[in-house]
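Visitor: The residues making up each chain are set out below.
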Amino acid sequence: MAHHCCSRFLDLSRFRGLKGNQVISCADILSAMLLRGIGQKLQMAYGLNARLLGFFMDKVILPCGDIAALVYFWNPFTIVSCVGLSTSPIENLAVILALFGAVTRRVPLAAFGFVMATHLSLYPATLAIPIIIILRYGLDAPPIKLFLQTRSVENEKSSTSTVSKQAKSKQTTHLPFLWKTVAHFLFWVLLWSLYVLVLCALSLNKYGGLEEMFKRTYGFILSIEDLSPNIGVFWYFFAEVFDFFRNFFLIVFHVNVLFMLLPLVIRLKHRPCFLAFVYLAISSILKSYPSVGDSALYLSLWALFVNELVDMKFSFFLFCGYLGISLLSPVMHNLWIWRGTGNANFYFGNAIGYACFQIVFVVESVSAMLNHDRALRRSSSNHGEVKS
Amino acid sequence: MACLVRSWIPLLFLQSFLVAIAFGSNEGEEFSEELLLKPLPDRKVLAHFHFENRAPPSNSHGRNHHLFPKAISQLVQKFRVKEMELSFTQGRWNHEHWGGFDPLSSMNAKPVGVELWAVFDVPQSQVDISWKNLTHALSGLFCASINFLESSTSYAAPTWGFGTNSDKLRYGSLPREAVCTENLTPWLKLLPCRDKDGISALMNRPSVYRGFYHSQRLHLSTVESGQEGLGSGIVLEQTLTVVIQPETTSVETNMQPSWSLSSLFGRKVVGSCVLAKSSNVYLQLEGRLGHESKNVDTEIEAHKLWMNSDFDLSLKPDRVIRESSSLLFIFDIDKSSDSEPFDLGLTWKLPSKWSCEQAPLHASRFLMGSGNERGAIAILLKATESQEKLSGRNLTTDGRCTIKANIFQIFPWYIKVYYHTLQIFVDQQQKTDSEVLKKINVSPSTDKVSSGMLEMMLELPCEVKSAAISIEYDKGFLHIDEYPPDANQGFDIPSALISFPSHHASLDFQEELSKSPLLSSFKEKSLVRSYTEVLLVPLTTPDFSMPYNVITITCTIFALYFGSLLNVLRRRIGEEERFLKSQAGKKRGGLKQLLSRLTAKIRGRPIEAPSSESPAAESSFLSSKLIFKIILVAGAAAAWQYFSTDK
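Just so you know, the sequences run in chain order C and Y.
According to the numbering used here, the residues represented by the first sequence are 1 to 388, in order.
According to the numbering used here, the residues represented by the second sequence are 1001 to 1647, in order.
No wet-lab data here; the hints were simulated from the structure.
Treat the hints with caution; some may be incorrect.
Keeping only pairs whose Cα atoms sit at most 25 Å apart, straight-line, the calculated DMTMM-like set for lysine to aspartate or glutamate is [to be verified]:
1. 1416/Y <-> 1121/Y
2. 206/C <-> 1167/Y
3. 215/C <-> 1474/Y
4. 1132/Y <-> 243/C
5. 1581/Y <-> 373/C
6. 1353/Y <-> 1447/Y
7. 206/C <-> 1447/Y
8. 215/C <-> 1447/Y
9. 1448/Y <-> 226/C
10. 1416/Y <-> 373/C
11. 1525/Y <-> 1459/Y
12. 1448/Y <-> 225/C
13. 1448/Y <-> 212/C
Here are the simulated distance ranges between beta carbons [unchecked claim]:
14. 208/C <-> 1432/Y: 41 to 47 Å
15. 335/C <-> 1129/Y: 43 to 49 Å
16. 1579/Y <-> 208/C: 54 to 60 Å
17. 1625/Y <-> 209/C: 49 to 55 Å
We put the CB at the ideal spot given by N, CA and C, even for glycine.
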């Protein structure tokens, strides 16, 4: 659990014992490289789609892979969680590995990353949906309707026979359903999880076995037993809430993570990688024990979509907000815990601010992506009209 | 009314007479009361009351007790207690001045607050249940919050660090328990004479609680009869140890204060408790006083013992017993009466100084670090002056002289101790575990479930000057309900127990003793042990005044998240809406048509596409939907009713 990040970062004595961080920094480097790989694939797909739709050719396509890798590398949050010996870089590596495997269509790798990420922190379980969509339909693309429109415009222009037109439109409305790949993925997920569980069962045989492991890991995550301060809002909420309502609020908060899965899939099914980013961002907001390492992950994933999200609103405001929170929360933590001059509300206020900024960030990203699709449609219809 | 009372009085007398006869006939149960007085080097006086009540093994015990308190015997029978000790203490025993190497201090120097330990005679699986029930019973019996020891976070099961090796031992302590007269009254109730008669009549509450230290203790042990068919006997030992500063008028600071029983307690002893088999008062004078006169045989020299140039006793002792380093004067209070109350007094004539024997190492404990995130606990063992004189050192196989010290410590779960950070320093030099640590047993704590326990045995060289043990911990964060009413005061960590397994304290009387339970218990070898201070750990506190604010603000954030994200997802702008409308115009079902009509009506626009279907069909479709919905709701309600009544 990486929920002590903020406080760890303050304590200089921890710098002396940086023995174990080789693994963590290697994980960070590997994550950045994999992000670059994902970004290059996405960039290629973006260029291809733009060419298919026949516009935006004049615009420079930003090298989103390099940007994402740099954002991951030089993000203060990444540095802090690496220096603080948090385990979140390893969790992040597993998540990125899953995405990389899905993007490059290496199914066993994707399944391995997915199983490991779920095993380590439970919340990446939601990534199953985007990974399956990637494996079924391929990478991020503008909505299929758009292709249909352009096709139909082109068809009307070129072909004369109605039969061929019908056949073509039929072909395009049903994208190739790659059930085989999905089954392949599920098979590998099953295999890897069996493998992990058997290994765990073997090693935990003396300590209560798997049941105890689930209770102590997933149970610990789900029941929010630890109330030490982190950058989320749950610790204070559950420290203050009346015991009678505890279970109710636990259910409400965990269901909140799941509630948004379906609407997001419906609206963003043509952009599975972006969907994965949104899922990760949401789970890092609503996590039981969030850490800045989670933010580092979704911020670098966000950088993969710089081409699409150039028109995002409030970006300066959000940047200032993130900056302010990351400067203020160590101060408030110090005031409360170490100096005893502030009280818990100082730090909790920061956590609330951080949660708000994250929410605005996610909402604005989604909104910008949907607006981008709208703009594509508008311009494509204009394009079509101009062409015809 | 007065007549009635008068007629009752002879009856009462008769009754008490009969009771006395009944006691006389009952040979088995014995009660004895004793008081030990001891001037302390730092101008204070220690008074140690000792009451022992024995119920011999018998078939009928539990139903017919003459002297033995029924409540205790029922307790022992119900929970099958083999041995138990409960102590209520206020103040800290001063090991340097009041002694640390005599049976009195090793048995009666107790940690602040309530300490309870018990050994049960039940199967291993039922020990915890018995303990919980016992704590509740004792809580009711002694008007104290001993029931807080019920929760598994507050007690531990020491294996060997406590001194008693048993796997059915449970130990718990409540450092913050305030001890007062409400705890003493039920304790006195267990005595046959209460505080009405005999030595216990001295327990004047203001003078007892005015003292520097008072510790009331109840120790009971069962004695197996060994015979088939007989139950086990019970020995109940009740002690009250008080350290009082006598009021002095003398201006000389180096002169020991003179005192008498009436000046110490404000009362005098008028006769013994008639139910007691023996009632004695002892005066123990320590140090060089004992060595002054040796080989005293004659009456004159014996007289010199209690009336000499140093001090005067106001009463003539019945017997004088010499111990290796002290003198013991024995007084029998049976002779005292109303006209001639027993009021022992000690008058010092010359300034005198002496010191008490001390434990081989003096233990103290303190906290290190600042802030509310983490810290460290350190236990410091310092060599005392008397160490050289002590016997009981161990020679290891290679001929080194060593002192063994057991440390037993309970950590509440919110003190999250990192056992790997255990560091041992001997004479300011860090030692590896293998050098000094002979044995260690750790049971880590579980959050909100069980407390942690550390037992370790150190083997230190005899010439050690100081040894320090430090261990780091993180502070936990508690739920708002888990804080005590004054949360900002901090939390108490129970005292650590330092015992020296190779050292045993006993008084070595040179003469054969009369049957005195107190002296015979002193003669038995007892483990030298000392308790450290209670530590006060401040923990971070949430804001207790605003749970509602926190709940509402957090829920607002969730609403913000949910609402704004959903809004973004379902927002459609101009052309999309038009596209959808044109789509809808092409093929629309009944419900869609209805909806579009409704929206049109609301917006006040004409209906775009005329409906072709008949209104009757529409209404039937509507009604079937409606009926389906009603059935669904009714089914849900019925299911809810069924499941809720099922519980």
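Visitor: Going straight from one Cα to the other, do residue 1448/Y and residue 225/C come out at no more than 25 Å?
Guide: Holds: residue 1448/Y and residue 225/C sit about 9 Å apart, inside 25 Å.
Visitor: Given the hint of 54 to 60 Å, check if residue 1579/Y and residue 208/C actually sit that far apart at their C-beta atoms.
Guide: 59 Å, holds
Visitor: Does residue 1416/Y pair with residue 373/C here, judged by a C-alpha cut-off of 25 Å?
Guide: It is violated: about 53 Å lies between the C-alpha atoms, which goes past 25 Å.
Visitor: Please verify whether residue 1581/Y and residue 373/C have alpha carbons no more than 25 Å apart.
Guide: Roughly 20 Å between the alpha carbons, so the hint for residue 1581/Y and residue 373/C holds.
Visitor: Using the C-beta atoms of residue 208/C and residue 1432/Y, is the stated range 41 to 47 Å upheld?
Guide: 32 Å, violated
Visitor: Would you check the hint for residue 1448/Y and residue 212/C, treating anything up to 25 Å between C-alpha atoms as holding?
Guide: 17 Å, holds
Visitor: With a cut-off of 25 Å on the C-alpha distance, tell me whether residue 1525/Y and residue 1459/Y pass.
Guide: 21 Å, holds
Visitor: Holds or violated: residue 215/C and residue 1447/Y, Cα atoms, limit 25 Å.
Guide: 14 Å, holds
Visitor: Does 43 to 49 Å hold as the CB distance between residue 335/C and residue 1129/Y, or does it fail?
Guide: Distance hint for residue 335/C, residue 1129/Y holds at roughly 47 Å.
Visitor: Between the alpha carbons of residue 1353/Y and residue 1447/Y, is the straight-line distance 25 Å or under?
Guide: 52 Å, violated
Visitor: Run the distance test for residue 206/C versus residue 1447/Y: straight-line Cα separation, threshold 25 Å.
Guide: 21 Å, holds
Visitor: Holds or violated: residue 1448/Y with residue 226/C, Cα cutoff 25 Å?
Guide: Holds, at about 10 Å.
This entry does not satisfy hints 1, 6, 10, 14, going by the numbered hints stated previously.
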